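**Student:** What follows is the residue order along each chain.
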Amino acid sequence: MCLKFLKSSVGRKYLMAVTGVFLLGFVVAHMLGNLQIFLGPEALNSYAEHLQNLPALLWPARAVLLGAFILHVGVSISLAIENRRARSIPYACGATVEASYASRTMVMSGLIILAFLIYHLLNFTFGVTHPRFFHLVDAKGRHDVYSMVILSFRELPVSGAYVAAMGLLCLHLSHGISGLFQSLGLAGAMPALKRAGAVIALVIFAGNSSIPLAVWLGWLKAVGGGSVE
Amino acid sequence: MNLKLRIWRQKNSGAKGYFQKVDAKGISPDMSFLEMLDVVNEELLAKGEEPVIFDHDCREGICGACSLVINGVAHGPERGTTTCQLHMRHFKDGQIIVIEPWRASAFPVLKDLAVDRGAFDRIIQAGGFVSVGAGGAPDGNAIPVSKNSAELAMDAAACIGCGACVAACKNASAMLFVAAKVSHLAALPQGQVERAARVERMVAQMDQEGFGNCTNQFECQAVCPKEIGVWFIAKMNKEYLKAKICQ
Ligand code: HEM
Ligand code: FES
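So the protein sequences, as listed, match chains G and W. For what it's worth, the working numbering labels the leading residue of the first sequence as 19, then goes sequentially. For what it's worth, the working numbering labels the leading residue of the second sequence as -16, then goes sequentially.
Nothing false has been slipped in among the hints.
Pairwise CB distance ranges, derived in the manner of DEER restraints:
no., chain 1, residue 1, chain 2, residue 2, range
1, W, Arg(-11), G, Trp237, 55 to 63 Å
2, G, Arg213, W, Arg(-11), 38 to 46 Å
3, W, Arg62, G, Arg102, 21 to 29 Å
4, W, Arg(-11), G, Leu139, 50 to 58 Å
5, W, Ser114, G, Leu21, 23 to 31 Å
6, G, Val39, W, Ala187, 23 to 31 Å
7, G, Leu50, W, Ile126, 53 to 61 Å
8, G, Leu129, W, Asn131, 39 to 47 Å
9, G, Ala110, W, Cys41, 27 to 35 Å
10, G, Cys111, W, Ile36, 18 to 26 Å
11, W, Lys4, G, Ala224, 50 to 58 Å
12, W, Arg62, G, Leu50, 40 to 48 Å
Hints in this document: simulated from the structure, not taken from any laboratory. The structure displayed is predicted, hence computed values, not measured ones. The C-beta atom is built at its ideal place from N, Cα and C for all residues, glycine as well.
With these hints in hand, go ahead and build the complete structure from the sequences.
**Tutor:** Printed below as a string of structure tokens:
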């Protein structure tokens, strides 16, 4: 019964929306955590250490997120394939009356976000792309997240890629957040939700992009000049 | 006025289709789009050619038989208007007009611009009804219906089942149609007995017919000649979840 629900068209809309909420929740929490970089190295490094010292919380959260992510991507692809099949002969002269650009590029923006996410994890979580910034320790012997982030972002291609990816996430969420309420059956006032979705998406873009921008403009500096080259 | 038409021609479901260029001459701006096609057909017949097949019935915007995607928009450029109620004054003299059938795998082309919308009938047969004991006509107002419920049901029941929502949807999804039918009966006391089974069966039939899935783009609402709102889809989603949870 439950499986039949989840396989139905409406059930998969719920799956997209619920996994989307989890991912959105993560994106917001992640952003708030990272914005502590503006409070200085002490705040960010001790926050990072606290997280690492809570394996009972960290690992279940990671598992849930990974599950949500796999479902979100998997279901979106199965829906996209079905949707294409549902119109085997396309219009010779197709027009768009109401659908936004963001709504028509959800799969594309999603897949690029996925590619970015893999790069992001290799960069800051697994330390593969910038190993020389990954093993820094601060004065208290903690993993020096603060310097790692700043030194990475001083490279223009890296900070550029982050800002571009956040632009795509903003596009994805500008449609995703308003659509979410519709999918969950909660859409009472669509125009208001549409605006709210766009505003939240923009706040997330501004919040996340402020970090690479601040580094690149020289507002955030690594401790002691921060040069390891 | 004179128009340059590009009309989809297709002998039958299996045949390969093509666009035929036809010039429509001496069209009055007061004609409806279908009357314009009538004139074109008269001329084709006079020349010994096959007339263009298209669906129509009431020609007053209430039956849902007419269709046509006109320059990419289902039922043409006027909002809240069926093709039979669309007048030629909304087009420019000399304009090129591309006319295509509803495009959806679940709506195969029968001939030219006419498609088989039997999938909608099968969705209605799956649950779009109320079962009542036959007998004498019940007394008027024997079952009280609140003003709000009556309004809601009427808004949903405005759906004429033309299929423009499917034709316009980027994914050829039928969710606006099914949502309107589900919501119409769910709003009324007569619809309560079969409420849960109805939404389950109608959604199952919709999925089986090979329609696509809604991605909240709302092209359907933009072309609906009865301007049915997409919030009915949100309502259907909720009905479906409730039916499955309570099972
Ligand atoms: C941090 C990453 C992501 C976040 C926060 C996120 C968030 C969301 C949200 C909130 C929705 C709205 C759910 C709904 O339609 O009800 C959504 C929809 C969607 N997402 Fe994502 N998403 C992410 C990554 C991805 C990825 C990697 C893909 C890969 C293909 C993807 C593909 C889609 C698609 C296609 C939709 C539209 C689904 C539909 O309307 O049927 N997303 N996303
Ligand atoms: S012919 Fe009846 S609605 Fe157009």
